[in-house]
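Asker: From first to last, the protein sequence lines stand for chains A and B.
Count the first sequence with my numbering and you get residues 1 to 95, in order.
Count the second sequence with my numbering and you get residues 96 to 312, in order.
Source of the hints: derived by calculation from the structure; they are not laboratory data.
There could be a bad hint or two in this list.
Derived lysine-lysine pairs resembling DSBU-like cross-links, with alpha carbons at most 30 angstroms apart [stated by the list, open to error]:
| id | chain 1 | residue 1 | chain 2 | residue 2 |
| --- | --- | --- | --- | --- |
| 1 | A | Lys23 | A | Lys45 |
| 2 | A | Lys44 | A | Lys75 |
| 3 | A | Lys23 | A | Lys44 |
| 4 | B | Lys216 | A | Lys23 |
| 5 | A | Lys75 | A | Lys45 |
| 6 | A | Lys75 | B | Lys191 |
Just a sample of chain B residues kept apart from chain A, beta carbon distances all over 12 angstroms, derived [as the list claims (entries may be wrong)]:
| id | residue |
| --- | --- |
| 7 | Pro110 |
| 8 | Val118 |
| 9 | Tyr124 |
| 10 | Val129 |
| 11 | Arg147 |
| 12 | Ala206 |
| 13 | Asp258 |
| 14 | Val260 |
| 15 | Tyr262 |
In this text the structure is predicted, and so the values were computed from the model without any measurement.
By construction, the Cβ of each residue, glycine as well, lies at the ideal position given by its N, Cα and C atoms.
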Amino acid sequence: VLTIEGLAAGGELHPLQRAFRDKHGLQCGFCTPGFLMTLYDYLKKPEVDEPTIRHEISGVLCRCTGYVHVVEAAKQAIEECAAMSADERARWFPL
Amino acid sequence: VSAGGARPWVGTSVPRKEDLRLVTGEGQYVSDLVLPFMLEAQFLRSPYAHARIRRIDVSAAKAMPGVVAIRTGADLAHLGPILTDLSTPKLPGETKRPSFTPIPVDEVGYAGDLVAVVVAKNRYLAEDALRRIEVDYEPLPAVLDPEAAAAPGAPLVYPEWGDNVVYHQAPVTRSARSATPTSCSPNVSPAGGAARRRWSRARRSPPGTRPTGSRCG
Numbered sequence: 001v002l003t004i005e006g007l008a009a010g011g012e013l014h015p016l017q018r019a020f021r022d023k024h025g026l027q028c029g030f031c032t033p034g035f036l037m038t039l040y041d042y043l044k045k046p047e048v049d050e051p052t053i054r055h056e057i058s059g060v061l062c063r064c065t066g067y068v069h070v071v072e073a074a075k076q077a078i079e080e081c082a083a084m085s086a087d088e089r090a091r092w093f094p095l
Numbered sequence: 096v097s098a099g100g101a102r103p104w105v106g107t108s109v110p111r112k113e114d115l116r117l118v119t120g121e122g123q124y125v126s127d128l129v130l131p132f133m134l135e136a137q138f139l140r141s142p143y144a145h146a147r148i149r150r151i152d153v154s155a156a157k158a159m160p161g162v163v164a165i166r167t168g169a170d171l172a173h174l175g176p177i178l179t180d181l182s183t184p185k186l187p188g189e190t191k192r193p194s195f196t197p198i199p200v201d202e203v204g205y206a207g208d209l210v211a212v213v214v215a216k217n218r219y220l221a222e223d224a225l226r227r228i229e230v231d232y233e234p235l236p237a238v239l240d241p242e243a244a245a246a247p248g249a250p251l252v253y254p255e256w257g258d259n260v261v262y263h264q265a266p267v268t269r270s271a272r273s274a275t276p277t278s279c280s281p282n283v284s285p286a287g288g289a290a291r292r293r294w295s296r297a298r299r300s301p302p303g304t305r306p307t308g309s310r311c312g
């Protein structure tokens, strides 16, 4: 079982966690575990088009920031993960 | 404006200090708090916009495991009436003030209005007990449109008012306005003419809108 508590590795934030912080993808943070773990799964074989991202996260409700920044954070993480080496992928996506 | 004279703040993205704990699952919310001997409350709410409560039977719910107390409107009626200070400063004329009890006693006024509260060892047991409360409702006509609500004969939100009108405001003339320069007077009648203005008010919510954030030790 992997939860948000297990995303960071070796004292370093997971690219998803960093993306949410960089892009203001959270405000109160209550829904953040849901977004991060949903996107963790999605990032294993992501598509970059926004409608697909929005469909993927449609099961998570945010009532502070809305979804624009969440989508931007997802895009940043997708880009970053696409450029990863096999070793980096294995490190950040153990499951 | 700058921070310590160095970095300009305006137009700069400032990283939030709280994000680190929130993206690592270290956030703490009201429902995470656990206090010694803590109990949790759940509320039974009306499915009707307007209904008379003919009868409430809490006996089966009271017998459920973990249930500590159940209160209905009748149980708490002695704590009312609570008078809401709805008065808006500097509006001419008299503003009516709604009066209510902590839980409505025999009539609910909106879908979601309180009917009963269950206090139990935890919220799950409280929720289970909620489902065992038997309420006999007599649905009554409801009004959903503000202008229909103001019309004569409309179903009443506060029966003691006689209508649903909070206050009447007479047009204020220019001369009357200049005599009271601080008053809020949107209805200004130009000489020989008339002005109309429509307001809208969002919702009926005398208590706080987020009462879930309460923990009592």
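Asker: Determine for every hint whether it applies to the structure shown.
Answerer: Against the structure, the hints:
1. A:Lys23 with A:Lys45: 22 angstroms, holds
2. A:Lys44 with A:Lys75: 13 angstroms, holds
3. A:Lys23 with A:Lys44: At roughly 21 angstroms apart (the allowed maximum being 30 angstroms), Lys44 (chain A) and Lys23 (chain A) satisfy the hint.
4. B:Lys216 with A:Lys23: Violated, at about 41 angstroms.
5. A:Lys75 with A:Lys45: Holds. Lys75 (chain A) to Lys45 (chain A) sits at ~13 angstroms (cutoff 30 angstroms).
6. A:Lys75 with B:Lys191: 53 angstroms, violated
7. Pro110: 7 angstroms, violated
8. Val118: 4 angstroms, violated
9. Tyr124: At about 6 angstroms from chain A, Tyr124 (chain B) fails to clear the 12 angstroms cut-off, so the statement is violated.
10. Val129: 18 angstroms, holds
11. Arg147: Nearest chain A Cβ is 34 angstroms from Arg147 (chain B), so the label holds.
12. Ala206: 20 angstroms, holds
13. Asp258: Given that every Cβ of chain A is farther than 12 angstroms from that of Asp258 (chain B), nearest at about 35 angstroms, it holds.
14. Val260: 33 angstroms, holds
15. Tyr262: 33 angstroms, holds
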